[in-house]
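Engineer: Listed here are the chains, written in short residue letters.
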Amino acid sequence: MEPDIAGKPVAGKAESQLRKGVLEYCVLAILREGPRYGVELLETLGAVNVMVTSQGTIYPLLSRLRRDGLVETRWQESPSGPPRRYYELTPSGHAALKEFTAVWPHFRDAVDHFITD
Amino acid sequence: MTITEHPLVESYLAAVARETAGLSPERRNELLADLEEHIAVTLAEESASGDDGIRTVLTRLGDPRTIAATALGDELPTPQVSRGRTLALLGLLAVTGPLTIFGPLLGGPALIGAIWWLWAAPQWRNRDKAIATAAALVPPLFAVSQWVVPAGTLNFGLGAFIPVLLAVLLLPAAAGVHLLRSARRLS
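Read top to bottom, the protein sequences are chains A and B. In terms of the UniProt record's numbering, the first sequence opens at residue 1 and continues consecutively. In terms of the UniProt record's numbering, the second sequence opens at residue 1 and continues consecutively.
Isolated chain B, as found in the complex:
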C-alpha cells in the first residue's frame, strides 16, 4: 500500500478535492499532486509511519478548507467576454467599409457605433484598438477625398481605382481579423 492509499491520507485529499471543485481540473490536480508529494516526502524524511505520524503531518498541512480558500483566491477573475459579442462587433466593423462608401447615411452611424463599441470592449489593448480605429476611418476618408478633390486631379484610371477601392473596403474587415487574433492571444 502506498502512503496515499492510507485511509487518513485518502480522506484528507478527498476533502481537498471536494473543496476545490471550483478550480480548473489542471490546477486542482496540480494541488493534489503537490500535497500528495508533501505528505510522502515528510513521512519519508521523518521516518514517521503509523496513524499518529500521519495525523501530525496532516494537521501541520492544515485544514483542507483553508488550503482550498487560498487556491480559489488565486484564481484570477477572467473578464467574461462573450464570443458572440466579439464576432458581432467585428462583423459590424467589416460592413462599415462598404456602408460608408455606398450608403453614408447608414454607414456613418454604423462606423461611430462600431468604434464606440470597440473602445468599450475589455478584451483588447489600446494599441489594437487604435489600429482598428485607423483602419475603420480609411473608407470614409477615401470617400471624402473622392468628393473633395476636383475630378481629374486624382485620376487613377479605372484599372487602378478598382483595386484601391477593394483594398479600402476590405481594410476594416482585415482590422477585424487582426482583433480576433489578438483577442485569442490575450485570453
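Same shape as in the complex, but just chain A:
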C-alpha cells in the first residue's frame, strides 16, 4: 500500500502493529471479568474502535491463546440461537495478564517520553 499525502496508510500500519501487540492482553483483561463468548468479546472490544477492524481475526487469536494455555473453552447452550463457545482465563492467563499489566505503564511512559516534544 502506497502512503498517500495525508499519511493515512502509514498511520494504519502503526495502528495495526500496535494492535497486534496488545490485542491479546485486552482480550485477557476482558476475560478477567468472567467467561465470554466470541461475539460478546467483540462487542466489548468494538466499543473502543481502534481495537478491531476485521472481527474474524479475533478467532485465530483466541485459538492461539487456547493452545498456549492462557484460556480454556467450553460450549454452552443458549436459550436463543446456537450454542456458544465460552472463553475463560486459566491461571497462566491470569499470570500473563498480570505480567503485562506490570510492564505496560513503563512502556507507555517510555513511548510518551520519546514522542512528546
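The hints are simulated quantities; they were obtained by calculation from the structure and are not laboratory data. Note that beta-carbon positions come from the ideal geometry of N, C-alpha and C, so glycine has one too. Any given hint could be a false lead.
Some but not every residue of chain A turned toward chain B, in silico, with C-beta under 7 angstroms [claimed, not checked]:
| id | residue |
| --- | --- |
| 1 | Ser54 |
| 2 | Gly56 |
| 3 | Thr57 |
| 4 | Ser63 |
| 5 | Pro79 |
| 6 | Ser80 |
| 7 | Gly81 |
Start from chain A and add chain B according to the hints.
Structural biologist: Chain B in isolation, oriented as in the chain A frame:
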C-alpha cells in the same frame, strides 16, 4: 435451511477454507466452526435475516484473506528435524561405548563427532544434552581408569567386572533412548 447453508455464508466459509489450505486440518476446522458460530450467533442476536443482514455480518467479519493471514501468521514454524538424522545420531552415540573401549582410534573421533553433533541439534534441551554427554564420556573414562590405575588395586574380580563393563558399554545407548523419548515429548 440452517444459516450456514445460505449461499452467501457458504461461499464466505468456502473462501476462508480455500485461503487456509496451509493450516493443519484441526486448526482449519476450528476456525471454520468459530466463524460459523459467530455468524449464527450475530444473526440470532440482531434478529437479522435476509441477504442484507447476512452481508453486513460478513462485511464486519472481514476479508477471508485477512482472517487467513492472521491464522497462518500464528502457525509456529516448527523446527524441521528429520527423524532419520535423529536416529543416525543416536546410533552413533550407542556405538561410541564399545568403540572407545575396543577400538580407541576409531572410538575417539566417533565420540567427539557424536557430542559435537548432539550439541548442534535443535531438538533437545541443554539438560538432556548434558545428560547424554556425561553418559557418552563414561566408557572412555572407564577405559582410562583401567589403564591408569595399577593392576590389582582396582580388582573387581571377573564376576563383577563383566556386569560393570556391560553397564558402561550400554550407558551411551541408554542415553540415546532417553534423548529419543525427550525429543518426542518436546515435538
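Engineer: To test your reading of the hints: which numbers does this structure violate?
Structural biologist: 5
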